[in-house]
Amino acid sequence: MRSLSIAATGMLAQQKNVEVISNNLANMNTTGFMRRRTEFHDLLYQNYRRVGGTSSDAGTIVPAGVQIGLGVKMAAVYRIHEQGNLSATDNTFDMAIQGKGFFQVRLPSGETAYTRDGTFQLNAQGQVVTHDGYTVLPGITLPNNAIDVTINASGQVLAKIEGQVALQNVGQIQIATFPNEAGLQAIGDNLLLETPASGAATQGNPQATGFGSILQGFLETANVNAVEEISNLISAQRAYEMNSKVIKTSDEMMSTAGQLR
Amino acid sequence: MENTGYIALSRQATLRREMDVIANNLANIKTSGFKGEKMMFIEHLVRSRGGDGLLGHKVAFVRDISTVRDYSPGHMEQTNNPLDVAINGEGFFTVDTPEGPRYTRVGRFSLDPAGRLVNLDGHSVLSQTGQPFTFGPQDTEITISRDGTVATNSGPLGRLSLVNFENPQKLREVAGGLYDTDQEPQRVERGDVAQYMLEGSNVEPILEITRMIDVSRSYSSVKSLMDKEHERIRKMAEELSRAA
Numbered sequence: 001m002r003s004l005s006i007a008a009t010g011m012l013a014q015q016k017n018v019e020v021i022s023n024n025l026a027n028m029n030t031t032g033f034m035r036r037r038t039e040f041h042d043l044l045y046q047n048y049r050r051v052g053g054t055s056s057d058a059g060t061i062v063p064a065g066v067q068i069g070l071g072v073k074m075a076a077v078y079r080i081h082e083q084g085n086l087s088a089t090d091n092t093f094d095m096a097i098q099g100k101g102f103f104q105v106r107l108p109s110g111e112t113a114y115t116r117d118g119t120f121q122l123n124a125q126g127q128v129v130t131h132d133g134y135t136v137l138p139g140i141t142l143p144n145n146a147i148d149v150t151i152n153a154s155g156q157v158l159a160k161i162e163g164q165v166a167l168q169n170v171g172q173i174q175i176a177t178f179p180n181e182a183g184l185q186a187i188g189d190n191l192l193l194e195t196p197a198s199g200a201a202t203q204g205n206p207q208a209t210g211f212g213s214i215l216q217g218f219l220e221t222a223n224v225n226a227v228e229e230i231s232n233l234i235s236a237q238r239a240y241e242m243n244s245k246v247i248k249t250s251d252e253m254m255s256t257a258g259q260l261r
Numbered sequence: 001m002e003n004t005g006y007i008a009l010s011r012q013a014t015l016r017r018e019m020d021v022i023a024n025n026l027a028n029i030k031t032s033g034f035k036g037e038k039m040m041f042i043e044h045l046v047r048s049r050g051g052d053g054l055l056g057h058k059v060a061f062v063r064d065i066s067t068v069r070d071y072s073p074g075h076m077e078q079t080n081n082p083l084d085v086a087i088n089g090e091g092f093f094t095v096d097t098p099e100g101p102r103y104t105r106v107g108r109f110s111l112d113p114a115g116r117l118v119n120l121d122g123h124s125v126l127s128q129t130g131q132p133f134t135f136g137p138q139d140t141e142i143t144i145s146r147d148g149t150v151a152t153n154s155g156p157l158g159r160l161s162l163v164n165f166e167n168p169q170k171l172r173e174v175a176g177g178l179y180d181t182d183q184e185p186q187r188v189e190r191g192d193v194a195q196y197m198l199e200g201s202n203v204e205p206i207l208e209i210t211r212m213i214d215v216s217r218s219y220s221s222v223k224s225l226m227d228k229e230h231e232r233i234r235k236m237a238e239e240l241s242r243a244a
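Residue numbers (the working numbering), protein chains in the order written: chain A, 1 to 261; chain B, 1 to 244.
So that you can see chain B by itself, here it is in the shape it has in the complex (with noise of 0.2 Å):
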């Protein structure tokens, strides 16, 4: 019967899991548009061998089950820089990758060498008729209004596609603060966008570290768990053996 120890360890391999989860929160602390992570656990039920013992037929096992997503909006941050956009509520910005559309909060943009208006990877940003906005040589006051119009002193050139998703929990992370997904996007009628601002993390140090804390002290009872196990199997071989 060595389900004790088989327990103990699947504690002990979610917990180190989540304790990378929580390590990448507070590495991402200063990343703009990032949103903070937490795992979840379920049990999960083994029918154990011999079946009418006093525990029952039931053991259960530890799973992380999913990574949930905190949606909720990091704190703004005025840089003064005409390209810099942050959404207030909800959506994502749409950019073009040689992958296909991608979804991101991060709105950090700047203009390529061909006056594309694009992410800090170089994707372009996407307007609501998906195509990228560009910009002419004469065109110097770029500005992007509540409603996510652009325009220059030459006239506007669009809107940016402000899109949400029926199941946001679903969208992938891909690095550089991009998500992908098979949902199909819905647009956003109302969009609210802000000029000169950034998004900043929603990462809540004190949150993580009392739960770095709680996954510490578990893991090292899990521990202290495995090792009284060990104790009560070892006195017992010699006990018995003693009686033998």
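Here chain A stands alone, though its shape is the one from the complex (with noise of 0.2 Å):
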């Protein structure tokens, strides 16, 4: 029976489908996590009668004809960037966008990455990094002398100075935005490249036109509302016991053509 393997079908995408889910709330606590969405596409359909065949000698039109489908397929994971909320930390080098962009991030083997996660520290050069020690780019680096320092909402780093009223400008945290955000490549971490899907970045000022504002001493938390998620977990689990349902029923309704004498 076809409705045993579609149900199949349809069981195997809500499993995949819970464990989106279950990543975003494991993440619910993580800085500048996006929350993941799983999209699903049904699959090949199978022609009994075709569309636009007589039906009776008179030439009326079969309306629609009979086209089983085959059951669904999960098509892709996605994440939405949405703002998250923003909690106040106080850290010196805490820094989220409120908006679009992201902070750029100079791994270990020379490419660039994308981060919306601002806990930025210090690194014995007092270059600042991200909590793995990578430098954000542009990098910026403290004189040892600076006693405090200053990130304002458009990006620039000012410290004071020991004996010095004015204070110093030491760098401009640029960040990058993207055609289509949802379509970085996840490498864990927090940390995000730019793909073909993407589209390529465009590096700017915070605060210019399009890009988000930085804000000091706070962090973006995760998008994921657990309302949300835990009644897409109901869901997805209803959908996934209603086509083990199926299962039963067009086992049943086998075991019935079985017992025929």
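The set of hints was computed from the structure by calculation and includes no laboratory data.
Do not take every clue at face value.
[Stated by the list, open to error] Quick look at which bits of chain B chain A covers, simulated, 3 or more residues with Cβ under 8 Å:
| hint | segment |
| --- | --- |
| 1 | 21-34 |
| 2 | 105-112 |
| 3 | 186-194 |
Every residue, glycine too, gets a C-beta built ideally from N, C-alpha and C.
Build the complex from these two chains, which are given one at a time in their own frames, with help from the hints.
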């Protein structure tokens, strides 16, 4: 019976859906995490009676024909780049982007990765780095005698130097935007890479047209909404159950046929 | 006279296919833009041999004449993805495939390496002038207005082609939420699309489950009919052989 395998594709799809939802829930407290959504597609269709065939001598035409779909497949899992909540940390080098854009990070391989996770620190050379020690681009080095740092909304890093009244501009944080953020490739550790689907990165200063602004002392929390995820989980479970009901019913129908004398 | 068996068989074969349709609806309960289908049955009348019997001239078989697609709108879901577009009301998007134009309600679009607006299978989404939408590297803010105009920070690019058909029931489904047809597409003049939204599946799980129960029960009642017929013939043969 075809309905057995059709329902099996449905169960597999919902299982994948639950996996995506559980990853979202697992990352509820991951800074800068963007929730994922599963996208499904229907599979091929089999034609039993062609659309447009005649159904009688009088030339009446079959309105739609008999088409039987063969189930469902997972088409894509894509990220939703919605602004997460901002939580105050009062940490000097914690930064959040309000609006569009990603921080740029130089990976050890020399590639540039993009992230919304602004938990930055200083390394031994006074450079602003991520918690993994990767340089934040364009490199910003603080002088040794700096006693305090202010980062303004447009990304200027202003250091207060011992014995000086005026703040010294020590660098400018640039952020990058993409035509299609959902096309970025996740590589773990809150990092994303540019892909052909995302389009090329456009660098710019925060607060410029089309770019978000920077908030010092804040972090962007995951944009996972627990209530929404749980309700998605429930509906995925129900869909899974319904598909298993189809399997059970198909099985009963098959056993009915088997009991014929 | 094996008619009872054949009639019962015609019913069981169609019920199995109806079960397949229900299974496909339920499997696609979470598929964007999916439209549920129903099976339509007709009587297939056949002149019976013997002609003047008590049953009259005709014996009625069952045939599944067609699957009817339910085009009612699915629920709208906000995704906050700038390249997700849902159609309010009638119409289909047009995408360009190697086999020719195909039509779809799935507005889950993306960009390909060349900066073209494509669907999940990488087919270009077409504008009203039949051209794909191509974005330049400097285009950051993509907006799609209610009338389907696609624009970026550097200006409008064109309008999404929204089309409808004289008889949407005649559209043939191909995989991936696309439809194919020989009918001439007619432009939807007053198209209404929503950016950041996706249309969900319009399958009503409760209805499908009740339909499934119905199919399952009908199937077993046909089986009991066949059993009874078998019993009747067996008894008749027994009685006759005893009489002989």
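Each hint, compared with the structure:
1. 21-34: That given contact holds, which follows from 12 residues of the segment 21-34 of chain B lying within Cβ reach (below 8 Å) of chain A.
2. 105-112: This one holds; 5 residues, not fewer than the three required, reach chain A with a Cβ under 8 Å.
3. 186-194: Check failed, 0 qualifying residues.
The structure shown violates just one earlier hint, number 3.
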